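All chains, full assembly: derive it from the sequences and hints.
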Amino acid sequence: MKSLLVKGGRVIDPASKYDAIADVLIREGKIEAVGLGIEAADVEVLDATGAIVAPGFIDMHVHLREPGIEHAETIESGARAAAAGGFTSICCMPNTLPTNDSATVTSYIVQRAREVAVVNVFPIGAITKGSKGEELAAIGSMREAGIVAISDDGRPVMNARVMRRAMELARALDIPVIDHCEDLNLSAGGDMHEGAESVRLGLRGIPSASEDVMVARDLLLAELTGAWFHVAHLSTKRSMAMVAFAKSRSIHVTCEVTPHHFAITDEELSTYDSNYKMKPPLRCDHDVDAIIAGIESGVVDAIATDHAPHAGSEKMQEFERCPFGITGLETALGLTLSELVHKGHISVTRMIELFTTGPANILGLERGTLRPGAAGDVTVFDTEFEWTYDVQQSCSKSRNSPFHGRCFRGGPVATVVGGEIKWNRE
Amino acid sequence: MDTLNTLVAMRPNAVVMRHAASGAPHFLARHLQIPIVNAGDGTHEHPTQGLLDALTILDRRKSLENLRVAIIGDIAHSRVARSDIHLLSKFGAEIVLCGPPSLVPVELAQLAPGVRISYDMKEAIRDVDVIMMLRVQLERQHEAPMAASEYFRFFGLQLEHLALARPEVIVMHPGPINRGRELSSDVADSQRSAILNQVENGVAVRMAVLERILA
Numbered sequence: 001m002k003s004l005l006v007k008g009g010r011v012i013d014p015a016s017k018y019d020a021i022a023d024v025l026i027r028e029g030k031i032e033a034v035g036l037g038i039e040a041a042d043v044e045v046l047d048a049t050g051a052i053v054a055p056g057f058i059d060m061h062v063h064l065r066e067p068g069i070e071h072a073e074t075i076e077s078g079a080r081a082a083a084a085g086g087f088t089s090i091c092c093m094p095n096t097l098p099t100n101d102s103a104t105v106t107s108y109i110v111q112r113a114r115e116v117a118v119v120n121v122f123p124i125g126a127i128t129k130g131s132k133g134e135e136l137a138a139i140g141s142m143r144e145a146g147i148v149a150i151s152d153d154g155r156p157v158m159n160a161r162v163m164r165r166a167m168e169l170a171r172a173l174d175i176p177v178i179d180h181c182e183d184l185n186l187s188a189g190g191d192m193h194e195g196a197e198s199v200r201l202g203l204r205g206i207p208s209a210s211e212d213v214m215v216a217r218d219l220l221l222a223e224l225t226g227a228w229f230h231v232a233h234l235s236t237k238r239s240m241a242m243v244a245f246a247k248s249r250s251i252h253v254t255c256e257v258t259p260h261h262f263a264i265t266d267e268e269l270s271t272y273d274s275n276y277k278m279k280p281p282l283r284c285d286h287d288v289d290a291i292i293a294g295i296e297s298g299v300v301d302a303i304a305t306d307h308a309p310h311a312g313s314e315k316m317q318e319f320e321r322c323p324f325g326i327t328g329l330e331t332a333l334g335l336t337l338s339e340l341v342h343k344g345h346i347s348v349t350r351m352i353e354l355f356t357t358g359p360a361n362i363l364g365l366e367r368g369t370l371r372p373g374a375a376g377d378v379t380v381f382d383t384e385f386e387w388t389y390d391v392q393q394s395c396s397k398s399r400n401s402p403f404h405g406r407c408f409r410g411g412p413v414a415t416v417v418g419g420e421i422k423w424n425r426e
Numbered sequence: 427m428d429t430l431n432t433l434v435a436m437r438p439n440a441v442v443m444r445h446a447a448s449g450a451p452h453f454l455a456r457h458l459q460i461p462i463v464n465a466g467d468g469t470h471e472h473p474t475q476g477l478l479d480a481l482t483i484l485d486r487r488k489s490l491e492n493l494r495v496a497i498i499g500d501i502a503h504s505r506v507a508r509s510d511i512h513l514l515s516k517f518g519a520e521i522v523l524c525g526p527p528s529l530v531p532v533e534l535a536q537l538a539p540g541v542r543i544s545y546d547m548k549e550a551i552r553d554v555d556v557i558m559m560l561r562v563q564l565e566r567q568h569e570a571p572m573a574a575s576e577y578f579r580f581f582g583l584q585l586e587h588l589a590l591a592r593p594e595v596i597v598m599h600p601g602p603i604n605r606g607r608e609l610s611s612d613v614a615d616s617q618r619s620a621i622l623n624q625v626e627n628g629v630a631v632r633m634a635v636l637e638r639i640l641a
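Sequences listed follow chains A and B, in order.
Taking my numbering, I'd label the letters of the first sequence as residues 1 to 426.
Taking my numbering, I'd label the letters of the second sequence as residues 427 to 641.
Because the hints were derived from the structure by calculation, they are not lab data.
Remember, it's a predicted structure, so these values are computed and weren't measured experimentally.
Incorrect hints may have been included.
As the list claims (entries may be wrong) - Output of the computed footprint for chain A on chain B, the stretches with three or more beta carbons under 8 Å from beta carbons of chain A:
1) 440 to 449
2) 459 to 469
3) 476 to 488
4) 530 to 544
To be verified - From the derived model, a few chain A residues whose C-beta atoms are all more than 12 Å from chain B:
5) A33
6) R161
7) R200
8) R321
9) F385
10) E386
11) F408
As the list claims (entries may be wrong) - DEER-style ranges, computed between Cβ atoms:
12) A:R321 / B:D612: 24 to 32 Å
13) A:N185 / B:A535: 20 to 28 Å
14) B:H457 / A:T388: 19 to 27 Å
15) B:R456 / A:E39: 51 to 59 Å
16) B:A535 / A:A293: 24 to 32 Å
17) A:E384 / B:H457: 33 to 41 Å
Ideal Cβ positions, reconstructed from N, Cα and C, are used throughout, including at glycine.
See the structure below:
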């Protein structure tokens, strides 16, 4: 394995409370030393002068579409998009074809990632067979094969009894249960957030309550079972309040939010552009305010993209016919810097936590820090340079981003995985 | 998208589009250089119906200023209602929306200035100049808003209701009507009904729209 010296950047490692201009030396794929003026012979040097050097970013919510839906994304292309977005580790959701509900599929993903992915890939297993919500998947075997959590993302478990059994098992296996909280009966047929905008546009609504009732149910089940419940892409004011309340009562709960849910609202939908269609839907002003307040106060544990690639032909149709989901790996850091850091909501250090220690702690990954001995994953980014996102240049196989043409202040500069530079802005 | 390319290949001067999906003409307009007439998109808008309704009112009233209008029925799924509301509100109309709660969401009051909501039919039509009845659109309803047997009893327009409105009240309906479901036959056929005038004016208004964009 190669050695790398990242020189001259401002090194911020929230896990070890380190913040200083320093060099980072990586040998044999692991962090060897962090300090000023490190000299090392026969190493590659990455000049990070003027930039911030952070532990490698982790995106705990990504759809890689492989196996089975490779025309939209592959493990290889999704991993390249992750690297281009500054991520060194990603977790892939199980809604592939076939569903990742067995050790066989998990092993395939792990093996394939080892062969073709430029970043670390950690699979998330299904809760139920085929994510049908009926019978538990082979969770124990998948755990042995490498899953870091379970989730029926996109097809939430509607049966509370099944969810209870899953939580009991997950607790014994020491993995979190990630739920895409949506009551499918309440949201059925909906295309966008239910409110004044959906009524004006004549599009069917997805009420906030469809998310809130499931968050409430799962919090109660987490209390009952003692399981670790993680709320995926939390999007409403009331769900945020419930998670804050549950945390104050020491229920084992964490949550993630996506950049699009704190950056934009349902008012964007007036163009009927299908790139604004996702689940949960873009909510309204007071929800965005509550999400940002939750990030500021520490209720939110992680930022995750819910990168959901769809082929162009699927997104180029009438709004109500096209599938839900947008890509997000390449715009996450730019959006977070522009919307949260530069607007004064959080510090750069807090932002790094949300991309590193936050997800690492939830998933039990021994990553997200620059302590000597840790994985040699480093994200180098700059908070100031201005750039414009061109979706046509995306590393992803899909183009369904609402942020095409958007200008950002700050973004990734270089992505280092296991001591190797996997992506560089130049 | 393929439909779009097929249309473009015919080199039309304009496209008149009626579509089951809200926003379909807006989607088309982003990719096409020629004029597109929205002839009704899903549950969003039906602009020429708004225009012909205004013309029909003007046949019987001097102006559209400060009218009191009741729109009754399935507002949530009605593109006609949205276009009428936007148009009449611009002339300062007071608009009452009335129907079963699940078909008249409270957010409709924010659609335009001067709009309010009532779930009581008799209160809604008191002293109004115009009563617009909407067709019960079973094809757009995914679940029953109330027992079918109760709909006409609470939200159907009957002859005795007309006495609550202003003397020269105009009864309108975008058609086709369901006799005995949203309004009784004697109302539909009464002197107050302008339903057939609406149909006639529809031809004139749509000719005018085409002339304006193609001239």
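Outcome of the hint check:
1. 440 to 449: With 4 residues closer than 8 Å to chain A, the segment 440 to 449 of chain B meets the three-residue bar; holds.
2. 459 to 469: Holds: 3 residues of the segment 459 to 469 of chain B have a Cβ under 8 Å from chain A.
3. 476 to 488: Answer violated; 0 residues pass the 8 Å Cβ test.
4. 530 to 544: Per the Cβ count (5), the hint holds.
5. A33: holds, 54 Å
6. R161: holds, 26 Å
7. R200: violated, 6 Å
8. R321: At roughly 7 Å from the nearest Cβ of chain B, A:R321 sits no farther out than 12 Å, so the non-interface label is violated.
9. F385: A:F385 clear of chain B: closest Cβ-Cβ about 31 Å, beyond 12 Å.
10. E386: For A:E386, whose nearest Cβ neighbour in chain B is about 27 Å away, the distance exceeds 12 Å, so it holds.
11. F408: holds, 24 Å
12. A:R321 / B:D612: 24 to 32 Å: violated, 43 Å
13. A:N185 / B:A535: 20 to 28 Å: Holds: the Cβ-Cβ distance is about 27 Å, inside 20 to 28 Å.
14. B:H457 / A:T388: 19 to 27 Å: holds, 23 Å
15. B:R456 / A:E39: 51 to 59 Å: holds, 58 Å
16. B:A535 / A:A293: 24 to 32 Å: holds, 28 Å
17. A:E384 / B:H457: 33 to 41 Å: 37 Å Cβ-Cβ, so the 33 to 41 Å window holds.
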